[in-house]
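Asks: Here's the letter readout for the chains.
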Amino acid sequence: MTVPAQPTPAKRETVREDVREELPGNGQAGQPNAEAPGSLRAAVLRVEGVTDVFPSRPLWQRLPAGALSLLQQAAGQRGAGDRSTGQQGGDPDDGPLVEARADGSATDVTVRIGVGADARTPDVVRAVAAAVRAHFAPAQVSVKVTVARISPE
Amino acid sequence: MSIPHDTFECGHTLEELSQYLDTGEFPDPRHLETCPDCRNGLDSLRRLSTAGSELFSNDLAEAGSGNDDWMKNILANLKLELRPGRSIPLRSENAADTLTETEGSVLALVRSVTDLAPGAVAGRVRLEGDVTVPGEAITVNLDLAVAFGNPLLGSAAALRHDLGEALARHTELNIAAIDITITDVIDTPREEP
Amino acid sequence: MRDQLDLVPDAILAGRAADGDTAAFEALARRYGPHMRACARRLTGSHADADDVVQEALVQAWKQLESLREPAAVKGWLLRLTGSRSIDYLRRRRNHTSLSALEEGGAGLEPSATAPGPESSAVASSGTDALKAALSRLPEEQRRCWVLKEFNGQSYEQIAQTLNISPASVRGRLARARITLVREMEGWR
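Residue numbers (this note's numbering), protein chains in the order written: chain A, 146 to 298; chain B, -5 to 187; chain C, 491 to 679.
Just chain A, same shape as in the assembly (with noise of 0.2 Å):
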């Protein structure tokens, strides 16, 4: 993956999953908290109840059928620290399965998840998002969960 040369308009910088680089918004180069956002998706799934972490936008609206499964596929033979998505290598739309946006100021944290129906759906929410907080502290975060499957797997 490469990271888009320019600032989008907004002035924006995305930060793709993969890329080590600090958040602009932390400003504290090298600390141990200044972690790659790959390592956030692990911290996701760490929360109890969270079966799947999804591609965040675009690629979600666009997904191809079956992708679906194919991420659980690969996260159950691959084990589910694998980030691969799993299927359309190479294909444009990937995107970052936690997507996180600086502009100097605040930090917005964008992740979709996976519940399991033993779980209780809000609590899950409410704890991935004091995870994703919890990530990044002491930036301070804005925190965007959706759940976008809640599955009896």
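Among the hints, erroneous ones may be present.
In silico DSSO-like cross-links for lysine-lysine, where the CA-CA straight-line distance does not exceed 27 Å [what the hints assert, rightly or not]:
hint	chain 1	residue 1	chain 2	residue 2
1	B	73	C	553
2	C	553	B	66
3	C	565	C	622
4	B	73	C	622
5	C	565	C	553
6	C	565	B	66
Sample of chain B residues at the chain A side, in silico, Cβ under 8 Å [said to hold, decoys possible]:
hint	residue
7	1
8	84
9	94
10	96
11	163
12	168
Stretch by stretch, here's where chain C covers chain B in the computed footprint (C-beta under 8 Å, at least three residues) [as the list claims (entries may be wrong)]:
hint	stretch
13	19 to 33
14	152 to 159
Bear in mind the hints are in silico, worked out from the structure with no lab data behind them.
Just so it is clear, the structure is predicted and the values come from calculations on it, not from any experiment.
Glycine included, each C-beta is placed from N, C-alpha and C at the ideal position.
Since the structure of chain A is provided, determine the placement of chains B and C on it from the hints.
Replies: Using the frame of chain A, we list chains B and C on its own:
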């Protein structure tokens, strides 16, 4: 040759007979019982129709099964957009956060709970009411198919209970009612492994 | 009973698919895919094109399922989509063919389906073989009417819509197709 010309001596045409076979319409239906030309023409068209059915059966068999690789390939190639539907809000502990679940995920939940009920398969599911506003009264409308011979009365009540529990567990919707309509009966083959 | 989606009536599957259930949609595709494929093969005369047509028809079906008023009628609707996409395919192929024919300075190539193939050169050994051979020699638009009618069971009005002609033209072409086919079939008898 039973059909030397498009128009028979009786004045009727093969086009009229062709339409008669498709629609049952004919200017003078009683004529068909007595006119040898028209009856021969109809016989020929019916033989053609039979041959057409046979050809279709052959072609259908040659097309293979929907479980074969060709269909698996097509299904794998389809880029179907998922339908998230409306965004259903969830309470947040931090004003800066936006927590939601998609309507699509809740519909899928209703389907999966319903499908677990013995002999039942969910059809269309509707959340009536504005699910984007916290606290709004919401009615769930569920179409249901049930297996033939399945006792329905008790299971509908049990299903309503299970659905209410699942929705309370996974949403913060104010569910006012769960309306279940049995729309289809499924003929299941007798226990085939 | 989720594992038994293949036993579930069309209306239920169509309703679920319209709600976004990809498993239900795939069950419908498996159920009617072979019919769609058979129809597309006869219309396009090409196995490879037929599979593209089926795929396009399914993509369109997924997008438009919510607008299907009568979910129980999903089979006929899928077949109509297949017919329309097949005709589109033939039009695109014809444009492409006549263009390349122009470039080569030759006559326009007939679509493969109308070219006399092994089917017509072989001695017709059965009714369906004779019919296949006769079909392959029919004028293109007559054959389209015949296939849409006999394979898909479409009404004159539906065929008219698919082919963008009047129902009266459909009736005429269908009759001419049948007259020709009957003559050739009687030759076989």
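Asks: Each of the hints needs a verdict: does it hold here or not?
Replies: Against the structure, the hints come out as follows:
Taking the CA atoms of residue 73 (chain B) and residue 553 (chain C), the gap is about 10 Å. The hint holds against a cut of 27 Å. Pair hint residue 553 (chain C) plus residue 66 (chain B) holds up; C-alpha atoms about 19 Å apart against a cutoff of 27 Å. A threshold of 27 Å between alpha carbons decides the hint, and for residue 565 (chain C) with residue 622 (chain C) the separation of about 25 Å falls inside it, so the pair holds. Using a Cα cut-off of 27 Å, the hinted pair residue 73 (chain B) and residue 622 (chain C) is violated, with the two alpha carbons roughly 35 Å apart.
For the hint pairing residue 565 (chain C) with residue 553 (chain C), the CA-to-CA distance comes to about 16 Å; that is within 27 Å, so the pair holds. With a C-alpha separation of about 19 Å, the suggested pair residue 565 (chain C) and residue 66 (chain B) falls inside the 27 Å cut-off, and the hint holds. At its closest, the beta carbon of residue 1 (chain B) sits 54 Å from a beta carbon of chain A; the interface hint therefore is violated under the 8 Å criterion. At its closest, the beta carbon of residue 84 (chain B) sits 5 Å from a beta carbon of chain A; the interface hint therefore holds under the 8 Å criterion.
Nearest Cβ of chain A to the Cβ of residue 94 (chain B): about 5 Å, under the 8 Å cut. The hint holds. Taken as an interface hint, residue 96 (chain B) checks out: its beta carbon lies about 6 Å from the nearest beta carbon of chain A, inside 8 Å. Using the Cβ-Cβ criterion of 8 Å, the hint placing residue 163 (chain B) at the interface with chain A is satisfied: the shortest such distance is roughly 5 Å. Contact between residue 168 (chain B) and chain A, as hinted, is not supported at the beta carbon level, the nearest pair being about 13 Å apart and thus beyond 8 Å.
Counting residues of the stretch 19 to 33 of chain B whose beta carbon lies closer than 8 Å to any beta carbon of chain C gives 0, which falls short of the minimum of three for the stated coverage. Look at the stretch 152 to 159 of chain B against chain C: 0 of its residues bring a Cβ nearer than 8 Å to a Cβ of that chain, fewer than three, so the hint is violated.
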